[in-house]
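A.B. asks: So the chains spell out like this:
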Amino acid sequence: MAEITTLREAVAGLINDGDHVAFEGFTHLIPSAAAHEVIRQGRRNLTLYRMTPDLIYDQLIGMGCASKLVFSWGGNPGVGSLHRFRDAIQKGWPVPLEIDERSHADMANSYVAGAANLPFAVMRGYAGTDLPRVNQRIKFIECPFTGEKLAAMPSLRPDVAVIHAQKADRRGNVLMWGIVGVQKEAVLASRRAIVTVEEIVDDLDAPPNAVILPRWVVDAVAVVPGGAAPSYAQGYYERDNAFYQAWDPISRERESFTAWMERHVRGTTDFEAYKRSLAAAARETVHA
Amino acid sequence: MPDRDYSASEMMTVAAARRLANDSVCFVGIGLPSTAANLARLTHAPDITLIYESGPIGAKPDVLPLSIGDGELASTADTVVSTPEIFRYWLQGGRITTGFLGAAQIDRFANINTTVIGPYDDPKVRLPGAGGAPEIASLAGEVLIILRQSERAFVEKLDFITSVGYGEGGDHRQRLGLPGRGPVAVITDLGVLTPDPKSREMTLTAVHPGVTEDAVRAATGWPLKVANDVAVSEPPRPHELEVLRDLLARTEKAHAGQGAA
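Chains as they are written, first to last, in the working numbering: chain Y, 73 to 360; chain D, 6 to 266.
No lab work stands behind these hints, which were simulated from the structure alone. Treat the hints with caution; some may be incorrect.
Computed list of lysine to aspartate or glutamate pairs in DMTMM-like fashion (alpha-carbon distance at most 25 Å, straight line) [what the hints assert, rightly or not]:
#, chain 1, residue 1, chain 2, residue 2
1, D, K129, Y, E327
2, D, K162, D, D127
3, D, K129, Y, E271
4, D, K129, Y, D320
5, Y, K211, D, D164
6, Y, K163, D, D127
7, Y, K163, D, D164
8, Y, K221, D, E147
9, Y, K221, D, D176
If you want the footprint, here are the derived chain D segments under chain Y, 3+ residues with CB under 8 Å [what the hints assert, rightly or not]:
#, region
10, 55 to 62
11, 216 to 228
Nothing here was measured: the structure is a model prediction, and the numbers come from that model. For each residue, glycine too, the CB sits at the ideal point set by N, CA and C.
Looking at chain Y on its own, in the form it has when it is part of the complex (with noise of 0.2 Å):
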């Protein structure tokens, strides 16, 4: 049953080191400012699951957090390379990092079949391609009733599903819209969930249909206005594209990218000091 706590504290109970982790979100909605706090709480040895790693993974990779990493497209959306995470699968730094590597539609499908309680999901493809030969998790099934060469794949069951949301009511129930991705899905597929949200109503004043969360299958909910930045929450802010080019030539070497991040998340203690901390680097910069 969602409580409503603090970032800090759902953090602190309910990921622990080892865990397997899924932080979704699919270039909307990411949940930058608790991957942030797992940072600066220092958890180790994690299994990430995303089918988009992008920057707060490339941080999460860097800052060694991660041992292995289950996903599907590995960029910074418009600009191009992920350093840290090609350093980590590369050269190993600064631990070194499996890989559990798939296609958007298996991680897809395979949330789905976790949210179901099914063992594994089906779908068609991989035929042809190299994965199955490097992913041993990628397997073929016959159709017992056509006899079609299906794929198949274990389902994903995440120990924690991490996701930021636009709202929530005073209850702990969860709403989001626009692009809202494999959300629903990895929560449901996730023993844990953490949500972040922008804002707490008295009303949530969805339409029958909407995207909602019941309070029942999330476990904590916390306020942090802004949580998804440098990317979109569809109504209240815009994707902060100048952040993802910055990131480039502040994550292309590890004392650049060792010095931000100890400097803007291990050096503030929650999202809005991590937000002053960036201001005032910008008014150094204009000064310069």
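For chain Y, the structure is supplied; the task is to place chain D on it using the hints.
C.D. replies: Just chain D now, with coordinates in the frame of chain Y:
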């Protein structure tokens, strides 16, 4: 091409856009495919349905998205569905007429690599990976591929097959049981390659104005098959160029205006 009033990149985008029809239902990749698909929508194909893997169906963005899930796609779409629904009901369900992909590397049978350069376990360059491409390539009714042509991109042998075109050629695609027809054209900044009806080898069937067959051969990492009768692409019409340039200028302006960093 000093006497031309358009760039090779513009010619490529226009040539690709012309391959989409008003009744196409197009599953759009980010970057070059998205530019060409929206150019089609803003010129000869106003009723085209653009679907992005993040969930928007019938997106009509006024400016091009930087990411596959920009708010502009959601707020201009007929509807926005979940990512599982996009892949399960709309793509696997057989409702996509045209899959439109980019690529990092391609081979003579239009198989695509977007995963890794070098060995998988010890990569020289780690690329982003599959995303939606493998299932788009296998399930869409037909596939268009757009990328700039160079020896580095058009290679004799892929280090990794992320998405299948015609596999090893001939009827390999049918033997693999892939539902869609496969790639019907590879559109580049130099010309257009289409599959040989029997061997399925991608064959140069058109060059853009001012481009020689030898120039295309030189930018290809295998002995390129060239059709007996190579056509010359129709240059971009003034209206196509005007709409494309307006779209790119609007996009540039909108994205430069965002963000605080």
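A.B. asks: Run every hint past the structure and note whether it holds.
C.D. replies: Tested hints:
no.	hint	result
1	D:K129 - Y:E327	holds, 22 Å
2	D:K162 - D:D127	holds, 18 Å
3	D:K129 - Y:E271	violated, 45 Å
4	D:K129 - Y:D320	holds, 19 Å
5	Y:K211 - D:D164	holds, 22 Å
6	Y:K163 - D:D127	holds, 9 Å
7	Y:K163 - D:D164	holds, 19 Å
8	Y:K221 - D:E147	holds, 21 Å
9	Y:K221 - D:D176	holds, 17 Å
10	55 to 62	holds (count 4)
11	216 to 228	violated (count 0)
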